[in-house]
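Assemble chain B onto chain A, guided by the hints.
Going down the list, the protein sequences come from chains A and B.
Residue numbering for the first sequence follows my numbering, beginning at 1 and increasing consecutively.
Residue numbering for the second sequence follows my numbering, beginning at 1001 and increasing consecutively.
Since the hints were made in silico from the structure, they are not lab data.
Keep in mind that a hint or two might mislead.
Only pairs whose alpha carbons sit at most 25 Å apart, straight line, appear in this in silico PhoX-like list of lysine-lysine [claimed, not checked]:
#1 K105(A) / K1091(B)
#2 K22(A) / K105(A)
#3 K105(A) / K1072(B)
#4 K1187(B) / K1210(B)
#5 K1072(B) / K132(A)
#6 K1267(B) / K1227(B)
#7 K105(A) / K1227(B)
#8 K249(A) / K22(A)
#9 K1091(B) / K1227(B)
#10 K1182(B) / K1267(B)
#11 K1187(B) / K1274(B)
#12 K1227(B) / K1210(B)
#13 K80(A) / K22(A)
#14 K1072(B) / K131(A)
#15 K1210(B) / K1267(B)
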Amino acid sequence: MDERELKQKSIQYRRTVLEIIKHANAGHTGGSLSCVDILNVLYNHVLNVTPANFHDPDHDRYVQSKGHSVEALYTVLADKGFYPRSELDTLERYGSHFIGHPTRKIPGVEQNTGALGHGLSVAVGMAIAAKKDRRAFRVFTLLGDGELAEGSSWEALMTAAHYQLDNLTIIVDRNEYQITGRTEDVNGLEPLAAKFSAFGCAVTECDGNDINALVGVFDSLPFVAGQPNLILAHTVKGKGISFMEAGSKWHHRVPTDSEFAAALAELAQAEVNA
Amino acid sequence: MEMGKANLDEFAETLLALAQADRHILAVTSDSRGSGKLTAFGEALPDQIVEVGIAEQNLIGIAAGLASAGKKVFAVSPACFLTARSLEQIKNDVAYSDQRVKVIGISAGVSYGALGSTHHSLHDYAVLRAINNIDIVAPADNFETREVIRAALNHPRPLYIRFGKRAMPHLHPPGTTFEIGKAITLKTGTDVTFIAIGEPVAQAVLAAEKLAAEGISAGVISLHTLKPFDADALLHAAATSRAIITVEEHSVYGGLGERCASILLEKRIMLPFKIVGFPDEYTVTGSQMEIFAHYGLAPEGLAATARTLLHAEVTG
Chain A
1 MDERELKQKS IQYRRTVLEI IKHANAGHTG GSLSCVDILN VLYNHVLNVT
51 PANFHDPDHD RYVQSKGHSV EALYTVLADK GFYPRSELDT LERYGSHFIG
101 HPTRKIPGVE QNTGALGHGL SVAVGMAIAA KKDRRAFRVF TLLGDGELAE
151 GSSWEALMTA AHYQLDNLTI IVDRNEYQIT GRTEDVNGLE PLAAKFSAFG
201 CAVTECDGND INALVGVFDS LPFVAGQPNL ILAHTVKGKG ISFMEAGSKW
251 HHRVPTDSEF AAALAELAQA EVNA
Chain B
1001 MEMGKANLDE FAETLLALAQ ADRHILAVTS DSRGSGKLTA FGEALPDQIV
1051 EVGIAEQNLI GIAAGLASAG KKVFAVSPAC FLTARSLEQI KNDVAYSDQR
1101 VKVIGISAGV SYGALGSTHH SLHDYAVLRA INNIDIVAPA DNFETREVIR
1151 AALNHPRPLY IRFGKRAMPH LHPPGTTFEI GKAITLKTGT DVTFIAIGEP
1201 VAQAVLAAEK LAAEGISAGV ISLHTLKPFD ADALLHAAAT SRAIITVEEH
1251 SVYGGLGERC ASILLEKRIM LPFKIVGFPD EYTVTGSQME IFAHYGLAPE
1301 GLAATARTLL HAEVTG
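Just chain A, with the same shape it has in the complex (with noise of 0.2 Å):
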């Protein structure tokens, strides 16, 4: 897929995004549209998972950490077939599969998260197993910011620099903000990136919401020889929607219908400048 295509992805991606948040009248809007292009890239030109091969031992794994922005992730499944868009509509209705954080109930999922700082030991897991059975797959894990306050990410990316894990690549989306405010309000996690290197990560710094420079950074993989691969894509929360840009007012807000019709025009109009 060519980066004009991706492009129309992410328009689509994020419209489905929106359809289905407004639907089930639920969902973390804000942290969704800032990753969405992230998983765009990965599961449209990085990953090689597919339906098909998904339980092939030598698919490459991916794990949302941040598993709030579940709705980016069903969207993308839905999208690479994994099933019909239409099982959205149960999302977080009595008795769907369709939870509100990843599970494996749902086709292409890797792990169960939602409670915070677990998805990266689990891509470690993943990863040592890869380095063990010398099995060509890829582990890929995308954290929340707001996630970093939790320990375990730490002791996490400890272990991935000890095993010397470059069959791993962790990616932080940097939107800036949790439900409380700032990050850098609530418990300053600057300065990243060098903390990221102090921890033996080899890090690279990209914006996580151009999808050039998403692809440039995947095609660079990996990045130093016995090193875990840290992306720290800095992104903006809900990206693409002005009025939902920045902030943390948007973290799981529900649109109004004349919030969702005027977002939803928006799109449209991207659509037809890209």
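Relative to the frame of chain A, chain B by itself:
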């Protein structure tokens, strides 16, 4: 009773033998290979031990990831840390995610004795019982330990196994069969039956011998699997014995005793019944055996509880 080794040693030897035949078997440790008697394992099979340092949350998360990628994983750490510090990882990364990790809680209960409550696990049955999709086994002796470790390999669900580090007597005659979820009756008794789990089973056997010398017929059941629970074994004991005493190295809250009580009550079975375990207080200082004696888990205390219970039944 003929003495065996510590269940901990039996575990380590069994795991090493299994792992020598299957390179997919891994031990994951949190600076706990010494405490887990896995030093020899690490020396013999260095590629099959994954050390994560003193980081129990990371230990369980990594174990789940390894299991997800097809490894047969034994995550080994003191029960006190595993089932408290990494409880959320057990709940989400293992049980909820159905990653079939074997969570091995070593030096469980009050095995660490005078090291104090930081090192005791008197809550693990209660918290794990309330979590869906993880089974719970506490072997009583070397035989049960060896068998549960072997059975763990092909167990269809996540599994928690806990045991201590003190040498245990052999409790089972040759030819005994072991199955997860199936209690073993060591001795039948028409007056009272001790239903015990883990290391207190040996104490119950000694208590039953004392009572027999007094003409009291006391049975002993090793109810090694707390989940799934063998209700039939309990109901059979209740039907053939005048009184039931449960014995566990755990808080009296939320463990074996309360499980038995709820089953009996729901079946409307009323008989003299006593839960022997640890009361809701700061645990007394002492060795494991001193603490057992203090709280009535030693043979003398158990026999006294039986006498009291049977006497109360007679006098009403």
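### Task
Please write out, lowest number first, the hints stated earlier that are contradicted by the structure.
Failing hints, ascending: 12, 15.
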